[in-house]
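Enquirer: Letter by letter, the chains look like this.
2 protein chains.
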Amino acid sequence: MADGFTLWFTGLSGAGKSTLAQLVAAELNRRGHRVEVLDGDEVRTNLSKGLGFSKADRDTNIRRIGYVCKLLARNGVIAIAAAISPYREVRDEVRRMHDRFVEVHVKCSLGRLIERDVKGLYKKALAGEIREFTGISDPYEPPLNPEIVIETDDEPPKASLVRLVTTLERLHYIERNGLP
Amino acid sequence: MADGFTLWFTGLSGAGKSTLAQLVAAELNRRGHRVEVLDGDEVRTNLSKGLGFSKADRDTNIRRIGYVCKLLARNGVIAIAAAISPYREVRDEVRRMHDRFVEVHVKCSLGRLIERDVKGLYKKALAGEIREFTGISDPYEPPLNPEIVIETDDEPPKASLVRLVTTLERLHYIERNGLP
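Read top to bottom, the protein sequences are chains A and B. Count along the first sequence from 1, then add 29; that gives the number in the working numbering. Count along the second sequence from 1, then add 29; that gives the number in the working numbering.
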C-alpha cells in the first residue's frame, strides 16, 4: 500500500484521459490506495495560470505537474496525471524524476475524435478559431515505448479500465485484487 | 501517523525559516512521519519560474505552494513550507484550503537581520540594489494569530526546534515522543 507511483495519461484532447483517470482513481481508492488526480484543466488553474500553449509554456506546465506527481508518489500516493502532454522529451524528463512511472498512451484516431467532438473544440480548431490545437495545428508526439496503450476508438471506458487495472497488476504496481 | 498537516513558516529573509524547516523535518522523519519541505527558493524553480516579486506574483507563488501542501497534507504527509509569504490575506486563503494548518511566525528584528546579513542581501537592499525587498522596500504583514511564534533574535535554532516540536505535541498535531 505504501508504494506510490505516477500514472501518466497522455493523448489528444477528447481521447478519454480524464474519464479514464477518474475511473481508475475510484477503483484504486476502493482498493485502499491513496490517490490524487492531477487533471490538465484543474492544474492549469492552480499551478500554471498565465501559461499559454507554446511549446515552452506547455513544457513548463508538464514539468510542474511532474514535480507535484513526484512529491506525491514518493510519499506513497498514486499520482494520476491526465494532460495532453504532447512533447516526448519533457514526458521523458518527468519519467526520469521518478522511481516508479507508468506512461499510458490514450490513443484515439483523429477521425473518430473529430466525429465525436464532445466539446466542439475540433470544429473550432479546424475552422482556425483555436490556434495551437494539438493534433490539428500543433504537434503530438506519441510515446515510443509506453507501459500501456489504451485504444479508445471503439472500446468503452469501463473495458479500458479493466485492461488498465489488469496491466497494473501484472506489472506489480498494485496487488491482484479482482475488479468488482 | 496518517494525519498529515501543513506547517507554514512565514517571516523575513534570514530570520531562520529554512534552517528551522530542515531541523524540524529531520526530527519528524526520525519519528516516522512522512515529511516534505517546500522551500521558497526551490519552489520558485519548480513551480514559479518567471514570476517576480510584485504583490500579484508573490501571491500566485504562495497559492501554488499552498495547493501542493494541501495535496500532500490530505495524503498523510507533513508538508512544511518555508517562504517569506509577506501578505496576510493569501496566507489566510491557504489556511482555508486546509483541514489542518499550523502557521509559524519566525520573527526576528530588522536590526538583528541587518547586523547578521548572512547572504549580504540586506546590504544590497539598503543600497537600493535589490528592489521589492521584504522588510526594506516591500511590506511584511505579520500573522495576527499564528499557532506558534519563534523569536530568533537570540535563540539558537536547536532551542527553537525544541519549542516548536513541544508545541506541535501540545496541540496534538504529533504524538508526544521526547526529543533525543
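There could be a bad hint or two in this list.
Residues of chain B clear of chain A, computed beta-carbon distances all greater than 12 Å [what the hints assert, rightly or not]:
id: 1; residue: 89
id: 2; residue: 100
id: 3; residue: 103
id: 4; residue: 129
id: 5; residue: 143
id: 6; residue: 148
id: 7; residue: 157
id: 8; residue: 170
id: 9; residue: 172
id: 10; residue: 178
id: 11; residue: 183
id: 12; residue: 186
Straight-line alpha carbon distances no greater than 35 Å define the calculated DSBU-like cross-link-like pairs of lysine-lysine that follow [stated by the list, open to error]:
id: 13; chain 1: A; residue 1: 148; chain 2: B; residue 2: 78
id: 14; chain 1: B; residue 1: 187; chain 2: B; residue 2: 78
id: 15; chain 1: B; residue 1: 136; chain 2: A; residue 2: 99
id: 16; chain 1: B; residue 1: 187; chain 2: A; residue 2: 99
id: 17; chain 1: A; residue 1: 187; chain 2: B; residue 2: 187
id: 18; chain 1: B; residue 1: 84; chain 2: A; residue 2: 99
id: 19; chain 1: A; residue 1: 78; chain 2: B; residue 2: 187
id: 20; chain 1: B; residue 1: 84; chain 2: A; residue 2: 78
id: 21; chain 1: A; residue 1: 99; chain 2: B; residue 2: 99
id: 22; chain 1: A; residue 1: 152; chain 2: B; residue 2: 187
id: 23; chain 1: B; residue 1: 99; chain 2: B; residue 2: 187
id: 24; chain 1: B; residue 1: 78; chain 2: A; residue 2: 84
id: 25; chain 1: A; residue 1: 78; chain 2: B; residue 2: 99
id: 26; chain 1: B; residue 1: 99; chain 2: A; residue 2: 84
Because the hints were derived from the structure by calculation, they are not lab data. Only a predicted model underlies this, so the values are computations on that prediction, with no experimental measurement involved. Every residue, glycine too, gets a C-beta built ideally from N, C-alpha and C.
Enquirer: Residue 78 (chain A) and residue 187 (chain B): Cα distance at most 35 Å?
Expert: violated (39 Å)
Enquirer: Does residue 172 (chain B) clear chain A by more than 12 Å, comparing its Cβ with all Cβ atoms of that chain?
Expert: Answer for residue 172 (chain B): holds, closest chain A Cβ roughly 23 Å.
Enquirer: Against the 35 Å threshold, does the CA-CA distance of residue 78 (chain B) and residue 84 (chain A) hold or violate the hint?
Expert: Between residue 78 (chain B) and residue 84 (chain A) the Cα gap is close to 16 Å, so the pair holds against 35 Å.
Enquirer: Since residue 100 (chain B) was said not to touch the interface, does its Cβ keep a gap of more than 12 Å from each Cβ of chain A?
Expert: violated (6 Å)
Enquirer: Please verify whether residue 152 (chain A) and residue 187 (chain B) have alpha carbons no more than 35 Å apart.
Expert: Not satisfied, since the Cα-Cα distance of roughly 63 Å exceeds 35 Å.
Enquirer: CA of residue 84 (chain B) to CA of residue 78 (chain A), is that 35 Å or under?
Expert: The hint holds at about 16 Å.
Enquirer: Grab the minimum beta-carbon distance between residue 186 (chain B) and chain A and tell me whether it stays above 12 Å.
Expert: holds (25 Å)
Enquirer: For the pair supplied as a hint, residue 78 (chain A) and residue 99 (chain B), confirm whether the alpha-carbon distance does not exceed 35 Å.
Expert: This hinted pair holds, its Cα atoms lying about 18 Å apart.
Enquirer: Take a quick look at whether residue 187 (chain B) and residue 99 (chain A) sit within 35 Å of each other, Cα to Cα.
Expert: Roughly 30 Å between the alpha carbons, so the hint for residue 187 (chain B) and residue 99 (chain A) holds.
Enquirer: Does residue 178 (chain B) sit more than 12 Å from chain A, CB to CB?
Expert: Holds, since 28 Å exceeds 12 Å.
Enquirer: Confirm or reject the statement that residue 157 (chain B) sits farther than 12 Å, beta carbon to beta carbon, from all of chain A.
Expert: holds (29 Å)
Enquirer: Mind verifying the non-interface call on residue 129 (chain B)? Its CB should be farther than 12 Å from each CB in chain A.
Expert: Residue 129 (chain B) clear of chain A: closest Cβ-Cβ about 16 Å, beyond 12 Å.
The structure is inconsistent with the numbered hints 1, 2, 3, 17, 19 and 22, although it conforms to all the rest.
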